[in-house]
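Make a model of the complete structure from these sequences and hints.
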Amino acid sequence: MIEVKHVKKVFGRLEVLKDVSVEVKDGEVVVILGPSGSGKTTLLRCINFLENADSGELTVGDIQVDFKKASKKDILAIRRKTSFVFQNYNLFANKTAIGNVMEGLVTARRVPKEIAEKRAKEALNWVGLSDKYDYYPSQLSGGQQQRVGIARAFVLDPEVILFDEPTSALDPELVGETLDIIKKVAERGITMIVVTHEMSFAQEVADRVIFMDGGVVVEEGSPEEIFTDPKEERTRQFLSRIISLEPTYTI
Amino acid sequence: MDFNINNFVESFIYGMKYFPNTLRLVFIPLGVGLVLGTAAALVRVYKVPVLCKILAFVITVYQGVPIIVALMIYNLIFMMKYNDFAAFLHLKGTIADVDQIWIGIFALSLTAICSISEAIRGALLSIDKGQDEAGYSVGLTKIQTIYRIILPQMIPVAIPMLTNHVVGLIKASSVVMAIGIIEIVAGATIPSSRTYSFFEGYVAAALIYWIFTVMIEYLAKILRKHTGRFRRNLYD
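If you're matching them up, the sequences are chains A and B in order.
Residue numbering for the first sequence follows this note's numbering, starting at 1 and increasing by one per position.
Residue numbering for the second sequence follows this note's numbering, starting at 1001 and increasing by one per position.
These are calculated hints, taken from the structure and not from any lab test.
There may be inaccurate statements among the hints.
Going by beta-carbon spacing under 7 Å, a handful of chain B positions derived as facing chain A [unchecked claim]:
1. 1020
2. 1133
3. 1134
4. 1136
5. 1137
6. 1138
7. 1144
8. 1149
9. 1151
10. 1152
11. 1227
12. 1228
13. 1230
Straight-line Cα separation of at most 30 Å, BS3-like style, residue types lysine-lysine; simulated pairs [as the list claims (entries may be wrong)]:
14. 118/A x 1142/B
15. 69/A x 1047/B
16. 1142/B x 8/A
17. 183/A x 1129/B
18. 69/A x 1129/B
19. 1142/B x 72/A
20. 1047/B x 72/A
21. 1053/B x 68/A
22. 72/A x 1053/B
23. 1142/B x 132/A
The beta carbon of each residue, even a glycine, is placed where N, CA and C say it ideally should be.
Okay, structure coming up:
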């Protein structure tokens, strides 16, 4: 279970997160929606301590820490229970696809090399890259890189995988193949928090949708509730703009 | 002006005789500069509190002093203070027992640390912050991330600048003859004071430096290709 309580974060004068609390049950897929600057990415980054929140509490599995008082040891422990898929992939440029997937296993978790290699190959096969083990990221397409990124996060068998706009940097053709892989991860019953702008993906995969704006959670509920019958005016406004971008047909 | 081949060859041989001194004057400072310069660059890029401010100040100030001035200052301090210093530490021997080349190596090392740390800092800054974040996200510590992810990516970026500094160091090593250390230039002109063929002596020295520099640049090119093999289309 992942629980974030009363997290606050200020960048200079800008209050990015104003007392946000989110709870995610085991195996649940939560999609966070919201306009740019609403704090959804910052929330995700705070959970992985890529950003240091100013106050609040975080629980990941059996570890509970206060954001402000977290020691280096706590941070490392949390990071070893979570993994992150980045918007711009952030594969290790100096390592091959299999090297990228093995790194966390071998260096951080001290898994013996042969076992790590076997697991890394399984993960890469699973995302459909069985012929690309020894390719460097510079030799892979964006979609392939993001699939390596997902394999790298998945192979660590974390409590939760955090996806930060995993398809935003991809062209429309590659979005589909990447979303398919993320769906496969969801089907495995892994807890996921996904920040995305892909509405149809959210509708299809999410167990729960959280809508954020201006650093607060405006509304949360099942995809049906949020998409067909939003309670808040702001949510309705946001969704109507997005959905009007998608083609509509009238007879 | 006649060019006396025999005198030239003699000067060349004398210059080569002192080539090991130049090697020491280049490679010891290079080694020291790589280790401490990388450390200083990491301290500054990862903003270690206090230390990074101090280093930024010291490096900027030190780079404003010409190497020959620094060398003269160290030499004078050494000559005036070494005997007291040795007595204080109960070392045997006096100033006469110490090879002066160490003063040259010391002065060149400090210069090398400063210039190499700036080159490496530039290379480190060129690496996307996302690489660090990716390292942390799979559970690596800061040290593991630097050692396994950042440094291997920094090296091919830094090599062209470092080569430049090594070549600069090779040429700068000739200033130590100002405090009486015999290296290539001083060595190559030893026969000249007997034969008056200074022109041949200096040309011989120039030739040795040129061959040395070409070899270094060739080695750097191989190294750059080898360490940068993960990068696409960057080096031919």
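*Hints the structure violates: just list their numbers, smallest first.*
Of the numbered hints, 1, 9, 11 and 12 do not hold.
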